[in-house]
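Visitor: Kindly produce the complete structure, drawing on both the sequences and the hints.
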Amino acid sequence: MNEIFKAPEGDFRGHDQQDVWSQTADPELSEVGPGTVCGEYMRRFWMPVAMTDQIGDLPYRIRILGEDLVLFRETGEGRLGLTHLHCAHRNMSLEFGIIEPGGIRCSYHGWKYGLDGTIKETPCEPVASQVKKKACLGAYPVIEYKGLAFAYMGPRDQQPPFPVMDTFDEDGDEMLPSLIKSPCNWLQVMENAWDPFHVVYLHTLAARVQFHESFAHMPMIEFHEAKFGEFYTNVRRDGDFVWLRIHDHMMPSFTQNGAHFPVPDRERYFGRCGLTRWVVPIDDTHTQVVTWRHFRDGDDPRGLTDKSQVGFGKTDFYGQDPDRPYEMRQRDPGDYDAWVSQGPKNIHSRENLSFTDRGVAKVRRMLRNEIRSVAAGNPVNHPTDDYDGVLPTYAGDTVLRIPAQEGRDDGAVLKEISFAVAGIFKDGDEQPIETRKQYIIDALKAYEASWA
Amino acid sequence: MNEIFKAPEGDFRGHDQQDVWSQTADPELSEVGPGTVCGEYMRRFWMPVAMTDQIGDLPYRIRILGEDLVLFRETGEGRLGLTHLHCAHRNMSLEFGIIEPGGIRCSYHGWKYGLDGTIKETPCEPVASQVKKKACLGAYPVIEYKGLAFAYMGPRDQQPPFPVMDTFDEDGDEMLPSLIKSPCNWLQVMENAWDPFHVVYLHTLAARVQFHESFAHMPMIEFHEAKFGEFYTNVRRDGDFVWLRIHDHMMPSFTQNGAHFPVPDRERYFGRCGLTRWVVPIDDTHTQVVTWRHFRDGDDPRGLTDKSQVGFGKTDFYGQDPDRPYEMRQRDPGDYDAWVSQGPKNIHSRENLSFTDRGVAKVRRMLRNEIRSVAAGNPVNHPTDDYDGVLPTYAGDTVLRIPAQEGRDDGAVLKEISFAVAGIFKDGDEQPIETRKQYIIDALKAYEASWA
Amino acid sequence: MNEIFKAPEGDFRGHDQQDVWSQTADPELSEVGPGTVCGEYMRRFWMPVAMTDQIGDLPYRIRILGEDLVLFRETGEGRLGLTHLHCAHRNMSLEFGIIEPGGIRCSYHGWKYGLDGTIKETPCEPVASQVKKKACLGAYPVIEYKGLAFAYMGPRDQQPPFPVMDTFDEDGDEMLPSLIKSPCNWLQVMENAWDPFHVVYLHTLAARVQFHESFAHMPMIEFHEAKFGEFYTNVRRDGDFVWLRIHDHMMPSFTQNGAHFPVPDRERYFGRCGLTRWVVPIDDTHTQVVTWRHFRDGDDPRGLTDKSQVGFGKTDFYGQDPDRPYEMRQRDPGDYDAWVSQGPKNIHSRENLSFTDRGVAKVRRMLRNEIRSVAAGNPVNHPTDDYDGVLPTYAGDTVLRIPAQEGRDDGAVLKEISFAVAGIFKDGDEQPIETRKQYIIDALKAYEASWA
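Chains as they are written, first to last, in our numbering: chain A, 1 to 452; chain B, 1 to 452; chain C, 1 to 452.
You may find that some hints are simply not true.
Copies of the same chain are indistinguishable here, so a pair counts whether it falls within one copy or spans any two.
Unchecked claim - Derived DSS-like pairs: lysine-lysine, alpha-carbon spacing no greater than 25 Å straight-line:
{"no.": "1", "residue 1": "K6", "residue 2": "K120"}
{"no.": "2", "residue 1": "K146", "residue 2": "K6"}
{"no.": "3", "residue 1": "K132", "residue 2": "K146"}
{"no.": "4", "residue 1": "K362", "residue 2": "K134"}
{"no.": "5", "residue 1": "K415", "residue 2": "K146"}
{"no.": "6", "residue 1": "K134", "residue 2": "K181"}
{"no.": "7", "residue 1": "K362", "residue 2": "K132"}
Hints listed in this document are in silico derivations from the structure and should not be mistaken for laboratory results.
Guide: Written as structure tokens, this is what we have:
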């Protein structure tokens, strides 16, 4: 009997590590409500707040950055309005409001608001009433494009132009919107996209190959700066091919990544992104991931995409939503399970960041600097400050036939290629938008040929 | 592409109005728990706490003014008892207690309490035990009438007589009780009854005619004082008829209104109320509306009443409960949707009160004065201080044939009629209760004739 | 009408007793999270954390003492591991981890932990990485026995040997584990076992005889000290028989009681316990009762046991779980209803402890002393300090044929017998474990004979 009851040997430190339970999240980076420093910073940008197919003939109640709002399509020209939820008169919710041409009317006493929240009518008030001039309803401008509604919720005098990317309107590219909610803080969802190493385990070695077996190999990652923001090159060798996946980042939470179901078995020059993505805080502990999936001929040689699965609450690649049984989530966890299970607000002080977390550390540093700069009264630098028209971005897959070089360390070769390709992309910024794509393709081919 | 991405023009002030999100409810008027100033004030009155058809042979757990209580019918004479939920011995809930003649017994160790919370037996204690004398259970007196149980939860030395209204026992009037809960603060539910203007939009123009198409016309409202409290006259002209609806208010939350489905197409003299109503706080963010619906021959010429729909959680007029699909509530909102959607506790500092909110402003002012008076140690003035017997009230519909007067502004005419009719009602207070009704009817007819 | 509306007479003190609503629980005795004084004290003991039949081939998430943990069976030798829930790298939950020989691996980036939380592998990190040495995961040692997993969550230098009781491995005794959760603080669940008087009402007189009709008679209770902790003798006379039920207590929350369905109709010498039981805090307001039910020939002459009902979330005696309709719980309340309905955290300041609450008062006093002693830096006295091997315990039923003595007060007789039997049990501690049982039986028989 004694052997059974013998305590196991080992360096058990649960009690020594007890302070993990009293540590808390970093409010500077995680709190997004009105009046918070991070929230004020986030409010300097256009953000997608809803899928427009969710807006019917009734007001649509949403929550963004901790604010309860109502989104509606006025019945005149069909423009979208986005206002504070509660009527400025006596606070009845405008989700019960009456949509009219040019605005929305509260059903309690009939106050009517224009799209900008100006009070248009107060029908039960005396004619001489001045309340229309003294009061107003909080409202935000909305831009609608390809199934998404974007809003700017910051100070009016700091409203930037809408940043239009080169990936928003390309011939042969069908874009389908998607919006999926996660019950956790925005930052941990966003960081997942700055962490190119999690594909090795989470998406490949942990349970099964969720995307492509090449993801089991450790990539070489190099971070680079671009005019629109940051990007990284993610390089792997596959036989004679060097496969570069380029990932765009634009603060605060915009990312574009390569194709979802690529096969690096042939040359590919400046293939473009499979996903354009914003991570949008609903509030401190809820987040929506809003995306356009791009569908182009040739991006999916294995036929794994499924347009019918892209929409509200769903998408066509694995592990992005909660609609799987708990046991399936345990046996085959996905991105959703990774970020949600970090907790309602990830607690940085109990992490042990390492070499592979360079991207995560970098984005937190950048975010903190930007937040403090805005809090100090400085304007945000927008990429649209430098561009009048369409912004050039880089994300996508490029595959070059450059065999391993005898007598040279292949790691050094791949690193050299990373920087050369990044340079070609950056040179493309100087080209007119009409000829830039061909310029990059030609330059990539010439560079590949230089290794022959 | 540029036109699509151009931000809409307008005076968008969502960010300027951001402080709405940090504003909070007024604790002086909204907090009702034990020890709060509003709660102490509310505890000076008899209030309906339950429908008696919900009390079977088991203890009935309820929550009133933030207190968890148990209501039961003792098995001797069938009297109702109302005590604190937790046994005074070791806190087991008396919802699991044993109902006996004259009281309730805790099932844990058998302590038995009388209706007033006195400990009658402690069967497991030694005979010499003094605990029966030292301890007791909190209990409140209960009065039962026409399907409702009323309790007084205040200090014993300030317990007023039960205020009996003239509308509580009239020949030809069938009264059916109803109790409906709302997940919000009591005050916003109560204020709805002080706001005669919301009928124009909410009940008529917003979605459809919920009661009568005449409600689309703006009423003329005059507030008057009565011995029992306040009342207002709500006057509209319909052809040759002048339709006066009189609404009673008695602090803190008693109201009576006119008929629910009236048709002002003939003379009517001193028609009486369709609803007697108390708004009772469950706690700071939950409220029960407790009513008697009155059914009399002639009150409902269109046959819209439905006695079978009046009861626990329901009534026979639209929009008082949550049991409608969300889309129906959006398309055709009712009173419930108005007050619940103001939020768990309406935030007054983000309202813009106007001319039509005179009643709301008035009741808040009266309430604040009364609360502060009680907090300062003053007694409450009850209408029963002046009356030994039945209290005369006024609510109901009166329709007089008084055509528009050539050469006179009709608004001035209606105002004159309002005050004259209010005067007749107030004169009636001086009459013996047996002859008062006929006195008022005769006086109304004589007044009407004076315009012929 | 006046009689109807007359308030009932009585000494109603609900308002006088209003301060019950502002009283709060005693944090010193009820808060168990990391860093609390009670929590630190509880962490000095081995406690059952789970039923092992709940641990399959996936990580099993549990919560103990306010800590979120994952329990798993490594696939090498099948040992159990218990670690903090969140990976020490980036906080992904290890409920999504990969179980391997000797440990568990996080599925996000593949960090592998040994059973003691040591980092074994960080596959995405460079070979030279030192993070394995600098960081670790909190983990606790686990002992597995007869379907239960026990853990020690305290400081390593204060880890006691596992206390093995004489009741854990007896010939002819089948032991089946059970684990049932209650949504309330641990202390009120534990106290129920220190309160031998509740059987009179709750289990017998309140609704029906849940166990045996003899429980309707008030017992004579005497508390005694033993080497392993405390015990009490619970004595009743049934005709010529004196029925002694002995109940063991070991701090902080271990108890053993007599048979569940006994019939005191014949002699019985040192019958043993029907239940070995630990009350384990999940967190401040959730508790699990973890037991072994003992099944021996002769313990249940009426055939009321049902082994198929003993397991996860259930047991074979009435009233221990919530899986009964609310009306059934009201009509026939059980232990679960008693302790859960005291509230999420029982509030001692609104109790009126009396004679029958001596056990409850005693255990609170002992607990407070122990908590303060540990908080002051003292070690806990464990029964294993004095014993190398199996610990002798006493719980069970003894029935002696000792008729009432003419001319003597029977209460005095029963009290004398209580102390004599307690003395025999304590003398047994000095015997070798092999012969102790027979020693006690013989001594009981000799004592019984001395009364003949």
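Visitor: Take the hints in turn and mark each one as holding or not.
Guide: Okay, the hints, checked on the actual structure:
1. K6 <-> K120: between (79 Å within a copy, 24 Å between copies)
2. K146 <-> K6: Intra 65 Å, inter 15 Å, cutoff 25 Å: inter-copy only.
3. K132 <-> K146: Neither: 35 Å inside a chain and 48 Å across chains, both beyond 25 Å.
4. K362 <-> K134: between (46 Å within a copy, 22 Å between copies)
5. K415 <-> K146: Cα proximity of K415 and K146: none, with 38 Å in one copy and 58 Å across.
6. K134 <-> K181: Answer is neither; intra-copy 38 Å and inter-copy 36 Å both fail.
7. K362 <-> K132: Classified as between; 22 Å across copies, 49 Å inside a copy.
This entry does not satisfy hints 3, 5, 6, going by the numbered hints stated previously.
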